[in-house]
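Please build the complete structure, drawing on both the sequences and the hints.
Numbering (the numbering used here), first residue to last: 2 to 272.
Be aware that a few hints might be false.
For lysine-lysine, the following DSS-like pairs were computed, each having C-alpha atoms within a straight-line distance of at most 25 Å [to be verified]:
#1 LYS50 / LYS8
#2 LYS148 / LYS222
#3 LYS205 / LYS134
Hint data in this document are derived by calculation from the structure and do not stem from the laboratory. Since the structure is predicted, the reported quantities are computational estimates derived from the model, not experimental observations.
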Amino acid sequence: MYQYDPKEFLLPLVLFRDRETQHILRVDYNGGTSTLLDILSVLRDLRVKIISAIVSPQTSNVKEAYIVLYVDLDNAKVDSLDSLVDKLESVKGVLGVEKCKTVYQNIIVNTLVKPMITAGERAIVNHARGIAKVLEYLYSRFPVGGKALVYYLGYIAGTKLVDYARKISDVSNPHTLLELSLSILQTLGYGEFEIEKYSEEEGKVRVVVDVRDSMECEVVKGVKSKPYSQLIRGVLAGVVSRIFIGRKITCNEVKCIAIGNPYCQFVIEGK
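Right, here's the structure in full:
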């Protein structure tokens with residue numbers, strides 16, 4: 002069974018449960034902070050252990066909200082899951098409680114969060130290793146064309162990312178816009194991005210970006226003879242080309258964990 006690392010951000014979608022007393026509940030309520038605190042107070046008073054929780058955004062215009070709870074009733078002061086549901090439904094401001102029914106022996110699949118949204122856009126979740134395996138297969142079948150395809154898919158994604166960053170923010174400074182775009186990439190799971198060097202001189206731009214824990218290259222770490230990235234290389238080229246519209250951009254990977262370097266490094270230049 003997978004062992005959770007407390008340093009990781011666990012997205013509670015597919016969960017391993019240790020005992021049958023562990024359950025997932027979704028509690029819909031009126032969006033009030035006091036109601037949320039009352040819900041948590043019920044759990045505290047009943048000695049219900051909260052293993053994980055997802056709380057929907059609490060903004061001024063929200064009239065309805067929810068909290069999805071992964072709980073353990075072992076040693077709790079409640080007879081059954083249905084009894085806990087009744088207790089929660091009796092809280093003033095609670096609109097309803099739904100039990101997760103997709104339980105398969107020691108696995109709970111959280112189907113109570115739908116659809117997933119991040120910063121106003123629908124999101125999907127794929128395992129990085131699965132994506133990397135698909136890329137490996139594509140490259141083995143189409144050594145040249147496959148790599149070009151993935152690069153340009155990344156390039157288009159990078160340009161759209163900058164458009165999105167501009168849409169959701171008031172950022173216009175090129176360096177800050179680059180930082181924002183890389184931060185979004187990082188939170189989406191592509192890796193850890195750091196701008197090592199940045200310069201704009203005489204109409205030329207040069208950016209050096211370090212990427213640690215690259216989702217693309219991690220699966221082939223230390224087993225390749227030359228830099229491996231096509232997807233992230235394309236994304237970075239697309240990002241910089243969209244920030245500096247009209248510049249001819251090149252992006253080269255000069256370090257790569259696939260060939261034994263401690264991190265991947267990209268040099269993006271435009272003129």
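Taking the hints in turn, this is what the structure says about them:
1. At most 25 Å may separate the alpha-carbon atoms for a hinted pair to count; LYS50 and LYS8 meet this at roughly 20 Å.
2. Simply put, LYS148 and LYS222 have alpha-carbon atoms about 18 Å apart, close enough for the 25 Å limit, and the pair holds.
3. This hinted pair does not check out: LYS205 and LYS134 have alpha carbons roughly 37 Å apart, beyond 25 Å.
Hint violations for this structure: number 3 only, all remaining hints satisfied.
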